[in-house]
Amino acid sequence: MPHIALITLVVRDYDEAIDFYTRALGFELAEDTDRGDGSRWVVVRPPGSVNGAVALLLARAKDDAQRASVGAQTGGRVGFFLHTEDFARDHSRMLAAGVRFLEEPRHEPYGSVAVFEDLYGNRWDLLEPA
1 MPHIALITLV VRDYDEAIDF YTRALGFELA EDTDRGDGSR WVVVRPPGSV
51 NGAVALLLAR AKDDAQRASV GAQTGGRVGF FLHTEDFARD HSRMLAAGVR
101 FLEEPRHEPY GSVAVFEDLY GNRWDLLEPA
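Just so we're aligned, residue 1 is where the sequence shown starts under this note's numbering, counting upward by one.
Take the hints with a grain of salt, since some may be wrong.
[As the list claims (entries may be wrong)] If you anchor each label on the Cβ, the simulated ranges turn out as follows:
{"#": "1", "residue 1": "Pro109", "residue 2": "Val50", "range": "26 to 32 Å"}
{"#": "2", "residue 1": "Arg12", "residue 2": "Thr33", "range": "17 to 23 Å"}
{"#": "3", "residue 1": "Asp19", "residue 2": "Glu103", "range": "23 to 29 Å"}
{"#": "4", "residue 1": "Asp63", "residue 2": "Arg100", "range": "36 to 42 Å"}
{"#": "5", "residue 1": "Glu104", "residue 2": "Lys62", "range": "36 to 42 Å"}
{"#": "6", "residue 1": "Arg89", "residue 2": "Asp37", "range": "19 to 25 Å"}
{"#": "7", "residue 1": "Leu29", "residue 2": "Ala61", "range": "15 to 21 Å"}
{"#": "8", "residue 1": "Ala65", "residue 2": "Gly111", "range": "34 to 40 Å"}
{"#": "9", "residue 1": "Gly121", "residue 2": "Glu28", "range": "22 to 28 Å"}
{"#": "10", "residue 1": "Ala61", "residue 2": "Ala88", "range": "32 to 38 Å"}
{"#": "11", "residue 1": "Ala68", "residue 2": "Gly38", "range": "17 to 23 Å"}
Keep in mind the hints are simulated off the structure, nothing from the lab. From the three backbone atoms N, C-alpha and C, an ideal C-beta is built for every residue, glycine too.
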(Lines of atoms letter the chains of each structure in order from A and count residues from 1; the text may use other names and numbers.)
(Lines give C-alpha, C1' and ligand atoms only; values in the text may rest on other atoms or scores of the structure.)
Protein backbone atom coordinates (compact mmCIF):
# COMPACT_ATOMS: atom_id res chain seq x y z
CA MET A 1 0.00 0.00 0.00
CA PRO A 2 1.41 3.44 -0.87
CA HIS A 3 2.35 5.70 2.03
CA ILE A 4 4.26 8.92 2.63
CA ALA A 5 7.76 8.03 3.83
CA LEU A 6 9.65 11.34 3.80
CA ILE A 7 8.82 15.04 3.99
CA THR A 8 11.58 17.37 2.75
CA LEU A 9 12.47 20.23 5.05
CA VAL A 10 14.80 22.80 3.46
CA VAL A 11 17.51 23.87 5.92
CA ARG A 12 20.45 26.31 5.94
CA ASP A 13 23.00 23.82 7.23
CA TYR A 14 22.94 20.05 7.74
CA ASP A 15 24.81 19.98 11.03
CA GLU A 16 22.85 22.75 12.76
CA ALA A 17 19.60 21.09 11.65
CA ILE A 18 20.74 17.66 12.88
CA ASP A 19 21.70 19.23 16.21
CA PHE A 20 18.33 20.92 16.65
CA TYR A 21 16.18 17.96 15.66
CA THR A 22 18.16 15.41 17.68
CA ARG A 23 19.02 17.51 20.75
CA ALA A 24 16.04 19.86 21.11
CA LEU A 25 13.27 17.65 19.72
CA GLY A 26 14.78 14.29 20.67
CA PHE A 27 14.62 12.87 17.14
CA GLU A 28 16.92 10.07 16.01
CA LEU A 29 19.39 10.48 13.18
CA ALA A 30 18.29 7.68 10.87
CA GLU A 31 20.73 8.38 8.03
CA ASP A 32 23.51 10.79 7.11
CA THR A 33 25.09 9.77 3.81
CA ASP A 34 27.56 11.88 1.83
CA ARG A 35 26.34 11.97 -1.77
CA GLY A 36 29.77 12.90 -3.14
CA ASP A 37 28.71 16.22 -4.65
CA GLY A 38 28.78 18.32 -1.48
CA SER A 39 25.26 17.29 -0.54
CA ARG A 40 24.13 14.73 2.01
CA TRP A 41 21.09 12.48 2.43
CA VAL A 42 20.05 13.31 6.00
CA VAL A 43 16.98 11.71 7.58
CA VAL A 44 15.71 12.33 11.12
CA ARG A 45 12.65 10.84 12.77
CA PRO A 46 10.91 10.83 16.13
CA PRO A 47 12.28 8.28 18.59
CA GLY A 48 10.82 4.82 18.32
CA SER A 49 9.56 5.35 14.78
CA VAL A 50 9.45 2.14 12.83
CA ASN A 51 10.60 1.82 9.25
CA GLY A 52 7.84 3.07 7.02
CA ALA A 53 6.79 5.85 9.41
CA VAL A 54 7.03 9.41 8.10
CA ALA A 55 10.46 10.97 8.63
CA LEU A 56 12.09 14.29 7.68
CA LEU A 57 14.61 14.59 4.89
CA LEU A 58 16.81 17.57 5.79
CA ALA A 59 17.83 19.15 2.49
CA ARG A 60 20.35 22.00 2.47
CA ALA A 61 19.22 24.95 0.37
CA LYS A 62 21.20 25.13 -2.87
CA ASP A 63 20.24 28.50 -4.34
CA ASP A 64 18.65 31.85 -3.48
CA ALA A 65 15.09 30.62 -4.11
CA GLN A 66 15.56 27.64 -1.79
CA ARG A 67 17.31 29.79 0.85
CA ALA A 68 14.32 32.15 0.78
CA SER A 69 12.00 29.24 1.63
CA VAL A 70 13.93 28.19 4.76
CA GLY A 71 11.58 28.73 7.69
CA ALA A 72 8.63 29.70 5.51
CA GLN A 73 7.77 26.45 3.80
CA THR A 74 4.15 26.58 4.94
CA GLY A 75 3.54 30.33 4.60
CA GLY A 76 3.63 30.98 8.34
CA ARG A 77 1.03 28.34 9.19
CA VAL A 78 1.56 25.34 11.41
CA GLY A 79 2.80 22.79 8.93
CA PHE A 80 4.14 20.00 11.14
CA PHE A 81 2.44 18.07 13.91
CA LEU A 82 4.50 16.24 16.53
CA HIS A 83 2.31 13.85 18.49
CA THR A 84 3.28 12.77 22.00
CA GLU A 85 1.93 10.39 24.59
CA ASP A 86 3.08 12.70 27.44
CA PHE A 87 2.60 16.37 26.65
CA ALA A 88 3.87 17.72 29.99
CA ARG A 89 7.08 15.67 29.84
CA ASP A 90 7.92 16.59 26.27
CA HIS A 91 6.92 20.24 26.64
CA SER A 92 9.19 20.58 29.70
CA ARG A 93 12.08 18.78 28.00
CA MET A 94 11.77 20.91 24.89
CA LEU A 95 11.63 24.15 26.90
CA ALA A 96 14.77 23.10 28.77
CA ALA A 97 16.46 22.44 25.41
CA GLY A 98 15.68 25.98 24.26
CA VAL A 99 12.72 25.33 21.97
CA ARG A 100 10.71 28.53 21.48
CA PHE A 101 7.00 28.04 22.16
CA LEU A 102 4.71 30.74 20.76
CA GLU A 103 1.95 30.17 23.30
CA GLU A 104 1.16 28.56 26.59
CA PRO A 105 -0.17 25.00 26.43
CA ARG A 106 -3.87 24.75 25.62
CA HIS A 107 -6.25 21.96 26.51
CA GLU A 108 -8.72 21.56 23.70
CA PRO A 109 -11.40 18.90 23.12
CA TYR A 110 -9.00 17.17 20.70
CA GLY A 111 -6.06 17.20 23.16
CA SER A 112 -3.27 19.23 24.75
CA VAL A 113 -1.40 21.44 22.29
CA ALA A 114 1.13 24.25 22.00
CA VAL A 115 2.68 25.84 18.92
CA PHE A 116 6.46 26.02 18.72
CA GLU A 117 9.03 27.04 16.14
CA ASP A 118 11.97 25.04 14.90
CA LEU A 119 15.35 26.75 14.56
CA TYR A 120 14.31 28.27 11.23
CA GLY A 121 10.88 29.54 12.24
CA ASN A 122 8.74 26.73 10.80
CA ARG A 123 5.71 26.30 13.02
CA TRP A 124 4.87 22.99 14.65
CA ASP A 125 2.16 21.73 17.01
CA LEU A 126 3.25 19.63 19.95
CA LEU A 127 0.07 17.64 20.45
CA GLU A 128 -1.11 14.95 22.83
CA PRO A 129 -4.38 13.73 21.31
CA ALA A 130 -7.31 13.32 23.69
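We went through each hint and held it up to the structure:
1. Pro109 - Val50: 26 to 32 Å: holds, 29 Å
2. Arg12 - Thr33: 17 to 23 Å: holds, 20 Å
3. Asp19 - Glu103: 23 to 29 Å: holds, 25 Å
4. Asp63 - Arg100: 36 to 42 Å: Given about 28 Å between the Cβ atoms, the range is violated.
5. Glu104 - Lys62: 36 to 42 Å: holds, 38 Å
6. Arg89 - Asp37: 19 to 25 Å: Violated, at about 41 Å.
7. Leu29 - Ala61: 15 to 21 Å: This hint holds: roughly 20 Å between Cβ atoms.
8. Ala65 - Gly111: 34 to 40 Å: Because 37 Å falls inside the window, the suggested range holds.
9. Gly121 - Glu28: 22 to 28 Å: holds, 23 Å
10. Ala61 - Ala88: 32 to 38 Å: Holds: the Cβ-Cβ distance is about 35 Å, inside 32 to 38 Å.
11. Ala68 - Gly38: 17 to 23 Å: With Cβ atoms ~20 Å apart, the hint holds.
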